[in-house]
Amino acid sequence: MRELSYREALNEALVQAMDANPDVILIGEDIGSYGGAFGVTRGLLDRYGPMRVIDTPISEAGIAGACVGAAMSGLRPVGDMQFSDFITLGMEQVVLQGARMRTMFAGQVSVPLVMRLPGGAGTGAGAQHSGSYENWFVHVPGLKVVMPASAYDAKGLLLAAIDDDNPVIFCEHKLLYNARGHVPEDAYREPLGVTRILRKGRDLTLVATSLMVGLALEAADQLAEEGIEVEVIDPRTLRPLDDPPIIESVIRTGRLLVVHEAVETGGFGGEVVARVVASEAFDYLDAPPLRLAGKEVPVPQSEVLEAAALPQLQDIVRDARKLVRNQV
Amino acid sequence: MRELSYREALNEALVQAMDANPDVILIGEDIGSYGGAFGVTRGLLDRYGPMRVIDTPISEAGIAGACVGAAMSGLRPVGDMQFSDFITLGMEQVVLQGARMRTMFAGQVSVPLVMRLPGGAGTGAGAQHSGSYENWFVHVPGLKVVMPASAYDAKGLLLAAIDDDNPVIFCEHKLLYNARGHVPEDAYREPLGVTRILRKGRDLTLVATSLMVGLALEAADQLAEEGIEVEVIDPRTLRPLDDPPIIESVIRTGRLLVVHEAVETGGFGGEVVARVVASEAFDYLDAPPLRLAGKEVPVPQSEVLEAAALPQLQDIVRDARKLVRNQV
Amino acid sequence: MFMQNVSVEMQPLHLALEALGPDGLKDSLASMMLIRAFEEQVDQLYLAGRTRGTLHLSIGQEATNVGALRALKSGDRFFSHHRGHGHALAWTDSPQRVMADIMGKTGGFCDGFGGTMHMADVKSGFLGGNGIVAGSLPMSTGVGLAIRLRAEDAVCLVFFGDGAANEGAFHEALNMASLSQLPVIYVCENNSYAMSTPVNSAFNVESIASRAAAYGIPGFTIDGNDFLDVFHCVHSAVRRARNGDGPTLVEALTYRIKGHSRSDRQAYRSRDEVRRWQEPDRDPILRFASTLIHGGILDEGDIAALKATANSRVDDAVACAEAAPKPDPSRLMDHVYA
Amino acid sequence: MFMQNVSVEMQPLHLALEALGPDGLKDSLASMMLIRAFEEQVDQLYLAGRTRGTLHLSIGQEATNVGALRALKSGDRFFSHHRGHGHALAWTDSPQRVMADIMGKTGGFCDGFGGTMHMADVKSGFLGGNGIVAGSLPMSTGVGLAIRLRAEDAVCLVFFGDGAANEGAFHEALNMASLSQLPVIYVCENNSYAMSTPVNSAFNVESIASRAAAYGIPGFTIDGNDFLDVFHCVHSAVRRARNGDGPTLVEALTYRIKGHSRSDRQAYRSRDEVRRWQEPDRDPILRFASTLIHGGILDEGDIAALKATANSRVDDAVACAEAAPKPDPSRLMDHVYA
Ligand SMILES: Cc1ncc(C[n+]2csc(CCOP(=O)(O)OP(=O)(O)O)c2C)c(N)n1
Ligand SMILES: Cc1ncc(C[n+]2csc(CCOP(=O)(O)OP(=O)(O)O)c2C)c(N)n1
Ligand SMILES: [Mg+2]
Ligand SMILES: [Mg+2]
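Residue numbers (my numbering), protein chains in the order written: chain A, 933 to 1260; chain B, 933 to 1260; chain C, 16 to 353; chain D, 16 to 353.
Errors might be hidden in some of the hints.
Claimed, not checked - Computed cross-link-like contacts, PhoX-like style, restricted to lysine-lysine with a CA-CA straight-line distance of at most 25 Å: (1) LYS88(C) <-> LYS138(C); (2) LYS273(C) <-> LYS322(C); (3) LYS1254(A) <-> LYS1106(A); (4) LYS341(C) <-> LYS1227(B); (5) LYS41(D) <-> LYS322(D); (6) LYS41(C) <-> LYS88(C); (7) LYS341(D) <-> LYS1227(A); (8) LYS88(D) <-> LYS138(D); (9) LYS1106(A) <-> LYS273(D).
Everything labelled a hint here was simulated from the structure, so no lab data went into it.
Sequences and hints are given; from them, build the entire structure.
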């Protein structure tokens, strides 16, 4: 089985999409000779030339707008925000234009863009380069939000996102770029809006996103040694959220823990919990559904503080154990 | 008892704050001779002059940044975004600078700004002028988020927000500007972070924000005629959220309905539900906690479509009734 | 190109005549008259409570609206802004549809979803109004990139106001377009105010066009109330864009005769100032009509006939829009996702 | 002010001598040497895995860093950017604290919360670095407004890169400052690249300073590797600002000798190009040292002594920072709210 890193998987998805469809173009800062801040677009300028790999000045609103305008003209632009945080400069174009245009114009236009947001903390980049903003976009009708946690999903979901006729916010994680995994060579698609159950278990439903998925699986391994069987679920697409598998899981396990890196308050975990408790699963709950998330603080730069701000493996193990043992 | 409109109450709060403290300044588009898009700053340019009432060109990032810079210099700027939607152009300054600076600089600085966001739909202004973004800011540590639903609270909370040493996002509602209510003349403060119970009831806890508070109270009146006693709660400050009164209420009623105008997915309702179900109230729940919110669509312009997109009185009555009668 | 003392100029007339023909010129005047009649009517409808939401009228800016768009041809695209009825009428010549949109009825372009600021007729190249000041500018870059990539013989024109030229989006978009030499024409309708802010409180420079220098592109200030000046300047810019010579910034000096929007008390200007802009030597319709009469292309009778047609088309449009069904709320979610 | 063929100029030297005195000039050179020695050391530490996160080094830009800040006095404020070690050292002269911040230790300015891009010493007027390109520009408007409102005898200087001048924030901030004639000095460190983007791929104009015209403010392009040119130009701008004559845009032409940040393979430039900027006629430290020697202010021995001092101060700083305790994770939530 061929293994690639998440970075290589994304790069291969771009290559396959661009080979197959001349309408696919890339727009962003330093995506040319530099290969993107995280190397995802390496080699693509040489391969596709400057008409399709558009290296821009530092103008995030301009980039976001260029993506919207290109998409409404029938191209399939893939924008690169360099760091997820910089989308704060492009919110107007993405949210007020890209996401709303189709409805405002009564379906006359579609806006098939993908905006790649390299997000997340853990590299010591500090408070302005470590953010997780996915729930802002989950809160915007007209957008789809995708968040791959493995190299396999990175490729399959990116190809599907490029195919999609809607604006898709594609949330990557900096600490995953080097994560390796099986990645088939063909241009496979992982459909958007399909939740994946990664590990079956009867005691607890553990919903995790992005970098937390790996930690959740590790935690499940550790807990298995204590006889606690955790079901690990990765929604992969946050909007639209495929919630039935989560709800069915909670019906079986009676317990829910949602883990994400973004801060808890106002975050995606609230959405998952609210959906589960509003569903048939309500009657099967044996314990309060819980969230575990980033601490309510701008991510500090130094290692010890940064680690303290982010959910760690042992936090997941601890919260899961408490939930299963009814110690909450 | 003196009555004022919400607009007049806000204006009076600004006058009292500016009279009392020369450090309070206003920054925004058309806040001078025009009096602000909604008349809130009427008369203030004449009263305080152009050094304190700073009428800017159309530059939302510039306005947001001017507020942050002025606040870190010891002033207490009150920014006016004209329409809440335009904050999409100022997110970087508010979120990455204003909210994070104090932590990044280890407490060396405070950023006592207030950013007024006239939000909400119902005026036929269309998809780009009708947004409710409060949960984006609820998701940002370092910010406080305030959302007054009455003229009384508009004044008291604005005065408290101006006093506060942190950046405060102040969410107004366009349809409330003409709402009248008792407003004392003195410069009273309503402390941030204090939830208010507006009506007591034993059957259902109804948490509502902004424009929905009035509808919730009306719904409670209607339901009372059917013998259903609804407890209506307005958190008023969404971050930090004073949740104990909500939790205690649910312990008494066993039922929770959260109503807001912003779309449901990824919204503030999820936060309220998640907090309640993670609390002691979990054991007292007699029915699934529910949310009622704006439909998942950019707000359309025409009256019938707009009304269909927003939570209406009868929707609240219907959902509340269902919950209490265990029909969910 | 801006002339302080506007006179009837025959040189530009001949140029326009060559490009548009006498019928094209007549049509252009008809279009301007349609806009005027339409907007006067909408103003009344608003006051009578028969429209809802906000309204930004094009009265006084007809020469810019029509003059710029006549410089485009089929296959070209353009973006309008919040003050876009004039653009929509000039491009689609469909007062019924525009009126239906403003009234939130079906039968318009956007079936009650868009309204006054959000009309579009995408297939025809009208890429939409915009409620966000300068909101179209970044998008025009993407349209320009698409045209360039596909080597289409097309251009993209984008309208925006004087106020919009102070948004960061203006800066980023013009710089990007210049770097890629995109076929985009930026038409700034400098109507002297941004809401309550007069241009001289919003800029410390002589002209907005002078900002073109900051991006290394040509910039022109023209008399936006002179159809011929607008047509001529935009036409040249379009030619440059088609030839691959990149973007141009055109600043058309004009005046907003009505208040900014429905809620404007207009404390920031005098009635006298407004009146001066309505005089025959400034009003764009009177000026263009007089040019065409002096040029021997139309006579007074033609003008009266055009005016009557404009009025009756607007009356029809109102009747039609009032008769059109309201949108069906069951279609609320139809367009959120493709 | 920019001179293609840089020569030793005595006229500017006399001006700077008058303003700073011989000790001030000597201190300035010492500061530039400290920055150089410090950054060389940080580069090594990074390679040895002893720092974490990103790093943007100031090597090559010392004349701009120090020259601009020497034009300020106590009570003035300034903003730095992501490449801010040089500014922090020039202003605070505290290599220990800067090093502690970079290493994520306590004893610096920001106790492990800020790091390389987010140092500040607010009381002294150093309002902080910034991880967001152009992020300080809008804030400087607010500082200017505060100074104006309180009628303080102070100015605000803001550093940013050539790349930052393409952000919308640049446009909005300069326009607003010009309108209110704020006492803000914009110092663009044009170090020839923004990450991998050479200035000529990011601008279609001769100079960034020429953009000042778009806001009606003065703009100057200067030799950013010439301490005297930088000092002189910024000093004049500061004087204008203090006199109420409004903002100035200064573009200092310089060069980033090291890669953009830790992850830069530098495929976008040649080694030769870098080497040319390190020659004695371009290197800012060698040039300033030679000027001071020629001007009779220092001799070779002084220079050697300054260099030795710089090196030993940096060694001390490293030792000190390494010995400093890590931040206490129990303090994580201490600063989120006031
Ligand atoms: C980003 C943004 N800021 C503010 C507004 C509110 N607004 C609508 S139109 C307008 C004035 C625009 O002035 P200008 O660009 O000159 O166009 P005009 O109205 O004069 O045609 C303002 C401030 C808006 N719609 N979008
Ligand atoms: C808004 C924003 N966009 C992009 C980046 C990533 N980034 C950091 S530094 C840099 C280059 C900045 O170039 P310039 O302004 O010339 O400063 P220099 O690094 O050359 O000193 C980029 C693109 C950022 N930090 N912030
Ligand atoms: Mg205008
Ligand atoms: Mg640079």
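Q | Violating hint indices (sorted, rising) | A | Result: hint 3 breaks, nothing else.
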